[in-house]
Amino acid sequence: MTEAVFYVFAAVAVISAACCVLQRSPVGALIFLVQAMLALGAIFVILQGQFIGVIQILVYAGAIMVLFLFIIMLLNLGRTSSDIRGPAGIAATIVLAGLIAVELGGLWAYSPARIGREVRGSAGMIQAQAAFAGGEAAQRATAAHGVVGAIAPPLFNEYLVPFEITSILLLAAIVGAVVLAKRKV
Amino acid sequence: MLLGPALGLSAILFTIGVAGVLLRRNAIVLFMCVELMLNAVNLAFVALAQVYGVGAYLIAFFVMTVAAAEAAVGLAIILAVFRHHQSIDLQNINLLHG
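Protein chains in written order, with this note's numbering: chain A, 4 to 188; chain B, 12 to 109.
By construction, these hints were calculated from the structure, which means they are not laboratory data.
Beta carbons are placed, not taken as given, at the ideal position from N, Cα and C, and that holds for glycine.
Fair warning: there could be bad hints in the mix.
Here are the in silico distance ranges between beta carbons for each label pair [stated by the list, open to error]: (1) B:R94 <-> A:T5: 47 to 53 Å; (2) A:E139 <-> B:G19: 52 to 58 Å; (3) A:S84 <-> B:L106: 21 to 27 Å; (4) B:R94 <-> A:V11: 42 to 48 Å; (5) A:G149 <-> B:V74: 52 to 58 Å; (6) B:Q97 <-> A:R27: 45 to 51 Å; (7) A:L70 <-> B:H108: 49 to 55 Å.
All chains should be built: construct the whole structure from the sequences, respecting the hints.
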């Protein structure tokens, strides 16, 4: 059942992402992108990442996409002809995107199961189980403390410095956006 | 556990994002395709969190923060470019062309 729901949302995400790329009007492309992000949020929930799923819908489908919509409305682009590149651009796109697809497909052979087998087979590793204990530990922590309670301790202990740097980054982004968008500084 | 299918979906969405960046000339649509690529990477992190633990969720969380900052600054740049050229078609923006 869960797998069927996953594949439905995966199909929605892929189709709306493709429509986003091929849609001529920016607003239409944006609506398709919001659809893809909502489907991705549902997929995050299916993959046990409930917190990230909620953040995805709040921050991405909510805040960032509304920001894009505001800019599109603000610029008042009017009706323009298609902005898709010419035949040379399409050929380059097919070649480069195909190369990336082949590279990412090559990773398919290196599935986590195979890595696990190789880790287990090698004599150098001390404990075979220890290599992938994180997932089970995370599930136990989620069962004990809830979804947010499992994420909070590492965020404010091990990842405290990146978290603080994030606040500086956001401050710099706010200042930069205001300075860039002002007419006269 | 759906790890393999999720990673496959992530690869497909990333490739669609790359194709969009290469295919479009509208700067805003290009930005939207970059957001799509960031989202695809987030999906890979969330899928791998089932194997590697909570740290992967936190990386996805930080990626989202960086994406928000990038969207704010990038859209401000697009606004400034539009004031200069009255267009956001990348064909008309060739100031650094030499």
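Against the structure, the hints come out as follows:
1. B:R94 <-> A:T5: 47 to 53 Å: holds (50 Å)
2. A:E139 <-> B:G19: 52 to 58 Å: 24 Å Cβ-Cβ, so the 52 to 58 Å window is violated.
3. A:S84 <-> B:L106: 21 to 27 Å: holds (23 Å)
4. B:R94 <-> A:V11: 42 to 48 Å: About 44 Å separates the Cβ atoms of R94 (chain B) and V11 (chain A), which means 42 to 48 Å holds.
5. A:G149 <-> B:V74: 52 to 58 Å: Violated, at about 23 Å.
6. B:Q97 <-> A:R27: 45 to 51 Å: violated (20 Å)
7. A:L70 <-> B:H108: 49 to 55 Å: violated (29 Å)
Going down the numbered hints, you'll see the structure goes against 2, 5, 6, 7, while the others check out.
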